[in-house]
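Protein chains: 2
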Amino acid sequence: MNSFSFYNPTRIIFGQDSLSQLDSQIPQSARVLILLGGNSARHNGTLDEVTAALGERTVFEFNGIEPNPSYETLMEAVALVRREKLDFLLAVGGGSVIDGTKFVAAAVPFDGEPWGILESGGQRIERALPFGTVLTLPATGSEMNNGGVVTRKATQDKLPFRSQHVFPQFSVMDPTKTYTLPPRQIANGVVDAFVHITEQYLTYPAGGMAQDRFAEGLLQTLVEIGPRALETPQDYETRANLMWVATLALNGLIGAGVPQDWATHMIGHELTALYDIDHARTLAIVLPSLLQVQREDKRGKLLQYAERVWHITEGDDDARIDQAIAHTRAFFESVGIATRLGDYDLGPEAVDAVVAQLDKHGLTALGEHKNINLDVSRSILNAAL
Amino acid sequence: MNSFSFYNPTRIIFGQDSLSQLDSQIPQSARVLILLGGNSARHNGTLDEVTAALGERTVFEFNGIEPNPSYETLMEAVALVRREKLDFLLAVGGGSVIDGTKFVAAAVPFDGEPWGILESGGQRIERALPFGTVLTLPATGSEMNNGGVVTRKATQDKLPFRSQHVFPQFSVMDPTKTYTLPPRQIANGVVDAFVHITEQYLTYPAGGMAQDRFAEGLLQTLVEIGPRALETPQDYETRANLMWVATLALNGLIGAGVPQDWATHMIGHELTALYDIDHARTLAIVLPSLLQVQREDKRGKLLQYAERVWHITEGDDDARIDQAIAHTRAFFESVGIATRLGDYDLGPEAVDAVVAQLDKHGLTALGEHKNINLDVSRSILNAAL
Numbered sequence: 001m002n003s004f005s006f007y008n009p010t011r012i013i014f015g016q017d018s019l020s021q022l023d024s025q026i027p028q029s030a031r032v033l034i035l036l037g038g039n040s041a042r043h044n045g046t047l048d049e050v051t052a053a054l055g056e057r058t059v060f061e062f063n064g065i066e067p068n069p070s071y072e073t074l075m076e077a078v079a080l081v082r083r084e085k086l087d088f089l090l091a092v093g094g095g096s097v098i099d100g101t102k103f104v105a106a107a108v109p110f111d112g113e114p115w116g117i118l119e120s121g122g123q124r125i126e127r128a129l130p131f132g133t134v135l136t137l138p139a140t141g142s143e144m145n146n147g148g149v150v151t152r153k154a155t156q157d158k159l160p161f162r163s164q165h166v167f168p169q170f171s172v173m174d175p176t177k178t179y180t181l182p183p184r185q186i187a188n189g190v191v192d193a194f195v196h197i198t199e200q201y202l203t204y205p206a207g208g209m210a211q212d213r214f215a216e217g218l219l220q221t222l223v224e225i226g227p228r229a230l231e232t233p234q235d236y237e238t239r240a241n242l243m244w245v246a247t248l249a250l251n252g253l254i255g256a257g258v259p260q261d262w263a264t265h266m267i268g269h270e271l272t273a274l275y276d277i278d279h280a281r282t283l284a285i286v287l288p289s290l291l292q293v294q295r296e297d298k299r300g301k302l303l304q305y306a307e308r309v310w311h312i313t314e315g316d317d318d319a320r321i322d323q324a325i326a327h328t329r330a331f332f333e334s335v336g337i338a339t340r341l342g343d344y345d346l347g348p349e350a351v352d353a354v355v356a357q358l359d360k361h362g363l364t365a366l367g368e369h370k371n372i373n374l375d376v377s378r379s380i381l382n383a384a385l
Numbered sequence: 386m387n388s389f390s391f392y393n394p395t396r397i398i399f400g401q402d403s404l405s406q407l408d409s410q411i412p413q414s415a416r417v418l419i420l421l422g423g424n425s426a427r428h429n430g431t432l433d434e435v436t437a438a439l440g441e442r443t444v445f446e447f448n449g450i451e452p453n454p455s456y457e458t459l460m461e462a463v464a465l466v467r468r469e470k471l472d473f474l475l476a477v478g479g480g481s482v483i484d485g486t487k488f489v490a491a492a493v494p495f496d497g498e499p500w501g502i503l504e505s506g507g508q509r510i511e512r513a514l515p516f517g518t519v520l521t522l523p524a525t526g527s528e529m530n531n532g533g534v535v536t537r538k539a540t541q542d543k544l545p546f547r548s549q550h551v552f553p554q555f556s557v558m559d560p561t562k563t564y565t566l567p568p569r570q571i572a573n574g575v576v577d578a579f580v581h582i583t584e585q586y587l588t589y590p591a592g593g594m595a596q597d598r599f600a601e602g603l604l605q606t607l608v609e610i611g612p613r614a615l616e617t618p619q620d621y622e623t624r625a626n627l628m629w630v631a632t633l634a635l636n637g638l639i640g641a642g643v644p645q646d647w648a649t650h651m652i653g654h655e656l657t658a659l660y661d662i663d664h665a666r667t668l669a670i671v672l673p674s675l676l677q678v679q680r681e682d683k684r685g686k687l688l689q690y691a692e693r694v695w696h697i698t699e700g701d702d703d704a705r706i707d708q709a710i711a712h713t714r715a716f717f718e719s720v721g722i723a724t725r726l727g728d729y730d731l732g733p734e735a736v737d738a739v740v741a742q743l744d745k746h747g748l749t750a751l752g753e754h755k756n757i758n759l760d761v762s763r764s765i766l767n768a769a770l
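In the order they appear, the protein sequences are chains C and D. Residue 264 in our numbering is what sits at position 264 of the first sequence, and the numbering runs on without skipping anything. Residue 621 in our numbering is what sits at position 236 of the second sequence, and the numbering runs on without skipping anything.
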């Protein structure tokens, strides 16, 4: 097991009717900005519940944080917070709204142009406004971690940042708030959580026995509940487990003390930036091909994955690995997510374009062994055609 | 899944040479009290490393926190802290030292007689001194939770307390510090962690899919590494996994959103108080018998445990449950921990005495269904003869 540091001070308030506890989590004197994405929280009553829970506090709203939140949009929220001297942020939405809120929290007190936050990967963050979240979309895990991704519209650069100062103080998670989500978003959430786990698990054996068992347990749970989450949207147990699994997939726990990959995400980000494909769909395109191309490096863990997650015990090593990759692809397809570039009307020209973007962003040594250079990325993308 | 709140702000610093990070975790101006148990930290060099890491800070030492730390001893530490105006506590040891340090942290600023902390189960704690830990003995999980148990020598009352104010700020965990522990303490740690997990897992099915998988993964890991931890004391991977598993067993995660039992602990505490049997040994005595007596209430989870932890698939339901209980008992015995009252020279008179103590302490409705009354406790103890 590698040495590690683990710290996660976010308070989780989980369950039906958990929104009623908002009042006790925010100072009575707070001047609050509620940050929102589209109009779903307004239409399904969640926003009304939130504002009711906030009682007499001064509350402003900021609407329109887009999927893959943009620097340009978020800087409007920063201006509003500064102008109105607001001092507490409340994200109501999914990963994009929460990521955006983290950026706003850090940007408001930032000295200088906040783009520096993104250029430094978050290292230049020295303080942030306090904030909480009301999660409505299980997927990214942003509700219980200290990272985010922001896109600059002008250049389509999609940049991650991370800082100890941008953990949510609390996250309220009510599974019933997911009942009215479009099936597409639920399917995306299932795949997003799945790939968050594999990025921290499908590397090489490193002796993290609990980490491996936890990762396998989360993957098995997703395999079991993924299709059910689509078939029976109002099944509380299924949605509750999906919500909690997606949080545990990326709250730092399963990645502590073990190697991590993240090449699927890096390549996927370029696909989203260039072609506006949903984040989770880009992961479903890249992962199966990456596992195929990197099968030698990942051999030990792929065999463990085959046995413990998919219960594959027949055939020689390579046959079992092939089956595990095929099962992974089939699982993504089973929740309605296509896994080939061609399914998104993309061909070889997209391979060239993505490789060029990876080059431009200096992403020439990806993966747990830093050996996914541009040639390997090209092979992965070709295998995904 | 039940509704839950989860919060755990303790920072974990894990790995070989992690003690060097102590300096960055404690204010430079702190006046520190180091709290210790026996002399092992002094003899094996850990104390020297700790004091070296603390540099120029003012440092006092308090020695002699006993296993099952006593109110009487801890109040001496409270007096020292008050007299010398110390403002940061550092526990160096295992669960008893850490539990004791939590009590001291809460008792120093407490208004009135600190026994009130224990009488209220910790509810009367409104503030506590900041403290950290250097863990030397993997077992109780106290390094990453907010609970403790303190015994009043005069009456042999063993009382638990819990409060949001007594999470360690940090815990430094260096697996190599466990190399020189006596085998008896390692074996106790394995069993203690195992039973912490079963108390939160072997209840009734409640739809906590990730919680179940995590619990099963931790149990499987203990089964795999328990004997190895004794056979090869200097195997880093084994000791590292034991240390991290014991922490994860009781940091609140696997118990969030699911029913909990804790009857084994409550009955075991009385055995320790009356006969001075090591805490873990009392758990090894009680658990197998409790599972036998409560098998109807726990049927669903016992079958799941049999299949997922022990891979028992042959025989009818009752046969599989019998095998799972037998495997549990055999596992405890395999690390050298006897599981019968008779092995500790106790007979029927001990059953009467423990039941009388349970009665005296009002522990007449234990377990996840609150149906372990004094008669059931008596049956459990009789089954353990």
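Honestly, I wouldn't trust all of these hints.
Unchecked claim - Computed beta-carbon distance windows for the label pairs:
hint: 1; chain 1: C; residue 1: S334; chain 2: D; residue 2: E616; range: 43 to 49 Å
hint: 2; chain 1: D; residue 1: R680; chain 2: C; residue 2: T58; range: 56 to 62 Å
hint: 3; chain 1: C; residue 1: S334; chain 2: D; residue 2: R442; range: 56 to 62 Å
hint: 4; chain 1: C; residue 1: H361; chain 2: D; residue 2: E469; range: 35 to 41 Å
No wet-lab data here; the hints were simulated from the structure. The beta carbon of each residue, even a glycine, is placed where N, CA and C say it ideally should be.
Worksheet item: Okay, C:S334 versus D:E616 on CB: inside 43 to 49 Å?
Response: holds (45 Å)
Worksheet entry | Pairwise beta carbon distance, D:R680 to C:T58, judged against the given window 56 to 62 Å | About 58 Å separates the Cβ atoms of D:R680 and C:T58, which means 56 to 62 Å holds.
Worksheet item: At the C-beta level, are C:H361 and D:E469 separated by a distance inside 35 to 41 Å?
Response: violated (56 Å)
Discussion item. Quick check on a hinted range of 56 to 62 Å for C:S334 and D:R442, using CB atoms only.
Written reply: holds (59 Å)
Hint 4 from the list above is the single one not met by this structure.
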